[in-house]
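Q: Residues per chain are reported as follows:
Number of protein chains: 2
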Amino acid sequence: MAEESTVYIGKKATMNYVLAVVSQINAGSDNVCIKARGRAISRAVDVAEIVRNRFVQGLAYRDVKIATESLPGHDGGNANVSSIEIYLSK
Amino acid sequence: MAEESTVYIGKKATMNYVLAVVSQINAGSDNVCIKARGRAISRAVDVAEIVRNRFVQGLAYRDVKIATESLPGHDGGNANVSSIEIYLSK
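Same order as they appear, the protein sequences are chains A and B.
When the count follows numbering that gives the first Met the number 0, it moves up by one through the first sequence with no breaks and lands on 89 for the last residue.
When the count follows numbering that gives the first Met the number 0, it moves up by one through the second sequence with no breaks and lands on 89 for the last residue.
Chain A with its partners taken away, still in its complex shape (with noise of 0.2 Å):
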């Protein structure tokens, strides 16, 4: 069965998060999912797109997710985040 594994995209440097799908991949991985909130949404997508054309050859999106999670905020009420989950398959 083809195995999934998620790597979440936080504030660390892009390639970072390259080197931990890449990583995956070659773990034996064929499914991996990069997620991501607010901010970091961009950084997701070039982490996708990296390891598409420069590290894993083949590697296609089966989907990209886009949805809104409500988060508890600093003043105890709620803030909303957008959210991406990206999948990536061999």
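Hints listed in this document are in silico derivations from the structure and should not be mistaken for laboratory results.
Be aware that one or more of the hints could be misleading.
Note that the list lumps identical chains together, so a pair holds whenever it fits in one copy or between two copies.
[To be verified] 30 Å max Cα-Cα, derived DSS-like pairs, lysine-lysine:
1) Lys-64 with Lys-34
2) Lys-11 with Lys-89
3) Lys-10 with Lys-89
4) Lys-64 with Lys-10
5) Lys-64 with Lys-89
6) Lys-64 with Lys-11
7) Lys-89 with Lys-34
8) Lys-11 with Lys-34
Once you've looked at the hints, dock chain B against the given chain A.
A: Same frame as chain A, now just chain B:
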């Protein structure tokens, strides 16, 4: 035939683009494409989610495409920039 209109996301405030998308839909477009490059990608996702959740009922994601564009850089070389195209349909 369903019309398709495109809204390009730049550096203005998110609500400017939300208004642009909502205006297109109210003017009769059943299909709207939201395009962005680089850092504006996060904003494009915000715009799509705000339009869907707050302004236009029954709007669905038809497709989300991710790509890399090669732009001429300041130093005469080319800079690769990630891009996103979010297709919304009524």
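Q: Now tell me if each hint is right for this structure.
A: Comparing the hints with the structure gives:
With identical chains, the CA atoms of Lys-64 and Lys-34 are at most 30 Å apart both within one copy (10 Å) and between copies (16 Å). Only within a single protomer do Lys-11 and Lys-89 lie at most 30 Å apart by alpha-carbon distance; the minimum there is 26 Å, versus 38 Å between protomers. For a Cα distance limit of 30 Å, the shortest separation of Lys-10 from Lys-89 inside one copy, 27 Å, qualifies, whereas the shortest one across copies, 35 Å, does not. In this assembly of identical chains, Lys-64 and Lys-10 lie within 30 Å of each other by CA distance both inside one copy and across copies; the values are 21 Å within and 24 Å between.
For a Cα distance limit of 30 Å, the shortest separation of Lys-64 from Lys-89 qualifies both inside one copy, at 18 Å, and across copies, at 18 Å. In this assembly of identical chains, the alpha carbons of Lys-64 and Lys-11 lie at most 30 Å apart whether taken from the same copy (23 Å) or from different copies (25 Å). With identical chains, the CA atoms of Lys-89 and Lys-34 are at most 30 Å apart both within one copy (18 Å) and between copies (27 Å). In the homo-oligomer, the alpha carbons of Lys-11 and Lys-34 lie at most 30 Å apart both inside one protomer (14 Å) and across protomers (26 Å), since each shortest distance falls under that limit.
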